[in-house]
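Each chain, written out:
Number of protein chains: 2
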Amino acid sequence: MTQRTLVVIGGDAAGMGAAAQARRNDPDLEIIAFERGEHTSYIACGMPYMIAGLVASPDDLVVVPPHVFRERYDIQVHTRHEVVEIAPVEQRVRVERLDDGHTFWQSCDELLIATGAVPIVPDLEGVDAEGNFCLKSLASGVAVATYIESTQPRRAVIVGGGYIGLEMAEALRLRGIETTLIDLARQVMLTLDEEMATLVADALAAMDVQLYLNEGLVGFETQGGRVQAVVTDQRTLPADLVILGIGIRPNSDLARDAGIALGVRDAIRVNPQMQTETPHVWAAGDCTESIHRVSGEPVFVALGTVANKTGRIAGLNLTGVPTAFPGVLGTAITKVGETEIARTGLNTQECEELGQAYVVTQITATTPAGFYPGASEIHVRLLAEPGTGRLLGGQIVGGPGSGKRIDTIAASLTAGLTAQDLVDMDLSYAPPFSPVWDPVQTAARVLLREI
Amino acid sequence: MTQRTLVVIGGDAAGMGAAAQARRNDPDLEIIAFERGEHTSYIACGMPYMIAGLVASPDDLVVVPPHVFRERYDIQVHTRHEVVEIAPVEQRVRVERLDDGHTFWQSCDELLIATGAVPIVPDLEGVDAEGNFCLKSLASGVAVATYIESTQPRRAVIVGGGYIGLEMAEALRLRGIETTLIDLARQVMLTLDEEMATLVADALAAMDVQLYLNEGLVGFETQGGRVQAVVTDQRTLPADLVILGIGIRPNSDLARDAGIALGVRDAIRVNPQMQTETPHVWAAGDCTESIHRVSGEPVFVALGTVANKTGRIAGLNLTGVPTAFPGVLGTAITKVGETEIARTGLNTQECEELGQAYVVTQITATTPAGFYPGASEIHVRLLAEPGTGRLLGGQIVGGPGSGKRIDTIAASLTAGLTAQDLVDMDLSYAPPFSPVWDPVQTAARVLLREI
Chain Z
-1 MTQRTLVVIG GDAAGMGAAA QARRNDPDLE IIAFERGEHT SYIACGMPYM
49 IAGLVASPDD LVVVPPHVFR ERYDIQVHTR HEVVEIAPVE QRVRVERLDD
99 GHTFWQSCDE LLIATGAVPI VPDLEGVDAE GNFCLKSLAS GVAVATYIES
149 TQPRRAVIVG GGYIGLEMAE ALRLRGIETT LIDLARQVML TLDEEMATLV
199 ADALAAMDVQ LYLNEGLVGF ETQGGRVQAV VTDQRTLPAD LVILGIGIRP
249 NSDLARDAGI ALGVRDAIRV NPQMQTETPH VWAAGDCTES IHRVSGEPVF
299 VALGTVANKT GRIAGLNLTG VPTAFPGVLG TAITKVGETE IARTGLNTQE
349 CEELGQAYVV TQITATTPAG FYPGASEIHV RLLAEPGTGR LLGGQIVGGP
399 GSGKRIDTIA ASLTAGLTAQ DLVDMDLSYA PPFSPVWDPV QTAARVLLRE
449 I
Chain U
-1 MTQRTLVVIG GDAAGMGAAA QARRNDPDLE IIAFERGEHT SYIACGMPYM
49 IAGLVASPDD LVVVPPHVFR ERYDIQVHTR HEVVEIAPVE QRVRVERLDD
99 GHTFWQSCDE LLIATGAVPI VPDLEGVDAE GNFCLKSLAS GVAVATYIES
149 TQPRRAVIVG GGYIGLEMAE ALRLRGIETT LIDLARQVML TLDEEMATLV
199 ADALAAMDVQ LYLNEGLVGF ETQGGRVQAV VTDQRTLPAD LVILGIGIRP
249 NSDLARDAGI ALGVRDAIRV NPQMQTETPH VWAAGDCTES IHRVSGEPVF
299 VALGTVANKT GRIAGLNLTG VPTAFPGVLG TAITKVGETE IARTGLNTQE
349 CEELGQAYVV TQITATTPAG FYPGASEIHV RLLAEPGTGR LLGGQIVGGP
399 GSGKRIDTIA ASLTAGLTAQ DLVDMDLSYA PPFSPVWDPV QTAARVLLRE
449 I
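In the order they appear, the protein sequences are chains Z and U. The C-terminal position of the first sequence is numbered 449 in this note's numbering, with every residue numbered one higher than the one before it. The C-terminal position of the second sequence is numbered 449 in this note's numbering, with every residue numbered one higher than the one before it.
To be clear, the hints were calculated from the coordinates, so they are not data collected in a lab. Mixed in with the good hints there might be a few duds.
It does not matter which identical chain is used: a pair holds within one copy or between any two.
With a straight-line cut-off of 20 Å between C-alpha atoms, the simulated SDA-like cross-links for lysine to any residue are [to be verified]: (1) Lys333 - Ala373; (2) Lys333 - Ser374; (3) Lys333 - Thr0; (4) Lys333 - Gly245; (5) Lys333 - Trp435.
Okay, chain Z solo, but in the shape it has when bound (with noise of 0.2 Å):
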């Protein structure tokens, strides 16, 4: 028999573990990775805490480097290799060796799409200017760096108000630069309810962040290529540089091009084994679509914990472990100064969206318990679904000890429970750290009398 080969487009989190994955089931697998950049498995999420100074090395952010992959786990890493084109019926990808340009036609028996997501970038003048940066690989967050080492901006500029639009305006804070952020909607943070977003608005507000809603981008303006202001439709704002966080999209273009069905949002739709609807060819990652646990319909979330997940079950699949994935919750969290966010499962909108009904409720505890130093508010939201109390989504925003949290939630709706559920579970305390009702259950018994 014949060595067979798996090739991995993509060396970041859902590549390279599905990779190491199909190597501890497989020794005799032939594993080729394809990287267009320089890294492999880096942590994308921690490039704000990087450029806010945090972290001393771009290196601490790479948690297996290509020569470890070669050396431990017997895969061909092939960095600054970008996959130009796959002919799944030919069972082949053509390969592009960036530093040179040569390339070559790799066959293979399993394909893996690991490509990930890219930023949307604005199609305006002078976007490329020196000073504009989007955050699409650690190299991109190393040339943040780098450049606000060199340049010393004192004026900064984000566009977009999503996870690394929050996150970079707290890491320019805390480098000293005064910051304005800029978003088209009426909220930042999209995944959250209005009513939380506008305590996550405070946080900025009290980080300093000069923070312009309902306000779209229309351009740039530039001196010798460099950025010198950011252009919306109300105002000019001056910049030294610029963060451009509109959003990202699935970097599915060399999917669809070999004919691969792709499904919302454009993501490459997948079964729960991370099989395409194309003969020997998998994805996983940033650019797949999963289904939503609460809602059971396909959703894009571009998530490293999904990554992860994905990748492992894709290399399970691979090597003859049947496995399925069951799906996202879109759980995530994040910080901005002191204040913690969280979210997961439905939030009102869409609820909205899905045609499904739901009460909601907000409330504000404490944590840890009101008496206890150094206690600061809480704010939990909750929603399900009237008559059955079935939970189907949450929020928080608070001080310390509030985000992870939303952890209890998220475990409550992978097991469809309820809020008259929550309310009896037996949840941990002790005044340093909860109220002895703990607040997300504060939450679910005020939405009892909604239900």
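Since the structure of chain Z is already known, use the hints to place chain U on it.
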């Protein structure tokens, strides 16, 4: 129709929670509560923090004082009134007014026993000496704080390494008092497995608490009615202050004397509606037994969370709103210095006593992510049933942010989830909070190999 009367024995969380809930549902019910102490609805778990000097006043630990119950809830609260006899057939109780010793009979249509738990006090000469304390009420907590203020003790001995012992050790060290803790067992915290209790011992050592295990209390040396030393079976420990935290037992003598059925460890037996086996007699809180949600067996778990829940449920059922208490997991949390300690479900010893087969694993990870400033170790121990993978219990010891993760495990136990379910769960991640696989999931992944 004549007015119905509810008599409540005990003015703390369970009793007053039931009374307040009953009032909300039934404005016409006469509600009379007898409390032998001076305070109602106080946060017993807050006492160590008051003694540590972290809480300004004992009043901060009183959630609702008697006059508020009277004025806002129309509940006739009588403090310093002790119920000394229950006559269930006659549906009345005999009450002693402690200030003058006067006794009287109070009739009732329904009776709720919420007498709580009491410390186990060793029957040793000198146990009543000045300087020896049990924490049994808010007044006793105030007495410890006052004693420390007035006598400035230099050396303290704590007998018993349970929650009270640990929290008092932290409190006394924060007061600058040399502190020794002795325990008859070979580990502190018998609710934890020994491998985790060892980590707690490390945390005590880091706070300069001298720990002697396998060491039994033999007696006290006193002078002029004041404690001078604690005598163990190994040594004599000079002490100006002694805290006895040997354990607690349900305060069920009154119920037993009235022929009300007791259960495990002499806790009052109740059904899920909090009814005793005697008609018109109910019980809630620390004096009752509970059903363990993992084993299905009756257990005695005296915790404020359970008292609040069962009080509320008794109040609902007493006023015609049928509600069942699904039981407990024994979830608990505490801290010693920077080290957080939490547990839920069954530990290995409990599994063995139940004849419950188990597999167990223990992992070490970090929280937040390893590269993030301030990351510290978190140890997670998980137990599951072989074959099915159903989770049985979990324990956590680690740095700031560790402990409340126990709630994710508690929610999983509530729903009967498996280790695989926990691995697949969409938990929150960002570098300031967690590695990309939350440590509880890392433990579940390792455990999967054992199942």
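Hint check results:
no., hint, result
1, Lys333 - Ala373, "both (17 Å within a copy, 16 Å between copies)"
2, Lys333 - Ser374, "both (15 Å within a copy, 19 Å between copies)"
3, Lys333 - Thr0, "neither (51 Å within a copy, 58 Å between copies)"
4, Lys333 - Gly245, "within (18 Å within a copy, 41 Å between copies)"
5, Lys333 - Trp435, "between (24 Å within a copy, 18 Å between copies)"
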